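Listed here are the chains, written in short residue letters.
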Amino acid sequence: MFVLAELEYIIRVEPRRFGKDMKREVRDELNRKFANKVLHSVGLCIALYDITRVGDSYILPGDGASHTKVRFRVVVFRPFVDEILVGKIRSCSSEGVRVSLGFFDDVFIPHQSLQHPKRFDQEEQLWVWQYESEGEPHDMFMDLEEEVRFRVVQETFVDTIPKDGQTSS
Amino acid sequence: MQVIKDNAGMLSNFEVLDFLSESQQKSQGKRPNGRGQNLATVTYETTEYLSKTPAAVQNPTCIENFLKAIAPFNLTKAEKLQLVNLRPMSQVELQLIIEEIDERFSDNKIEEILGIVSSELPPSSPPNDENPVGSDHQ
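Chains A and B, in that order, give the protein sequences.
Be aware that the first sequence starts at 687, since it is given in our numbering, and climbs by one per residue.
Be aware that the second sequence starts at 8, since it is given in our numbering, and climbs by one per residue.
Just so you know, the hints here were simulated from the structure itself, not pulled from any lab data.
Mixed in with the good hints there might be a few duds.
[Said to hold, decoys possible] Straight-line Cα separation of at most 25 Å, PhoX-like style, residue types lysine-lysine; simulated pairs:
(1) A:K709 x B:K33
(2) B:K59 x A:K719
(3) A:K755 x A:K723
(4) B:K59 x A:K774
[As the list claims (entries may be wrong)] To give an idea of the interface, some chain A residues facing chain B are shown, with a C-beta separation under 7 Å as derived from the structure:
(5) L693
(6) Y695
(7) A721
(8) V761
Keep in mind the model is a prediction, meaning the values are calculated, not measured.
Built from N, CA and C at the ideal position, the CB exists for glycine as well.
Start from the sequences and build out the full structure, keeping to the hints where you can.
Here is the structure:
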């Protein structure tokens, strides 16, 4: 579910921050830059884990700020294909079910992937799993806010602005 | 920005929860300003989610003991990770996590795995009534 990703980034520190603790500046800057952002083909960054290398700082012509190359690791939410996750049902539509993990909302289960036999209840606007036991069908409603387990079958990174999302089902 | 390695190692839910609550405590004294807003939000939401999972009551020792006990079964890394994260209580749950379980393990072995899971990993504090029931969707 969570992985560590190693990234490299050039940090710009403004001259007015030169007197301050460099390490803290770098940490804050990286967290500000990456926390709660989806990086393409990497995943949803949660927080800076550690800094593995800090390179030399450079001052470029025409800019008083220093530029430092840092290599660091971030905690990333990146479920692998076939992983089982637990989430809450956010909404149901005739297309499928949307599930939320609290910090990540873009999970979509298309109706083809729901259990068979199933039907969509127009009145309640919910999916119903018609579970059969001992020859009798039972209606199992997929109520909102209900916890479900689901298997990740695919991950997609949508490279569009302004909404950058990752969907899995 | 350059991606050196997009997967430099997997983390268990427990490790993430432990790390986040630690950093949350550290930043407690700091005055809240607009700069760390994203971090605060995602940290809060993630800890909120993880504190409802079995990870909330785990500790490094019990995970280590569990991994030692489960080693003879030759499970893959991902399977072991999910066992720790989800703490399966029934055969159906185990079937989802372990691929081709029927071919790889006999019924006795499956029971044995479930036994190790329930004895080595602590049960979540409110005794399981809030856990999802059913196979994978309910």
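Hints, one by one, checked against the model:
no., hint, in the structure
1, A:K709 x B:K33, "holds (15 Å)"
2, B:K59 x A:K719, "violated (28 Å)"
3, A:K755 x A:K723, "holds (20 Å)"
4, B:K59 x A:K774, "holds (12 Å)"
5, L693, "holds (6 Å)"
6, Y695, "holds (5 Å)"
7, A721, "holds (4 Å)"
8, V761, "holds (6 Å)"
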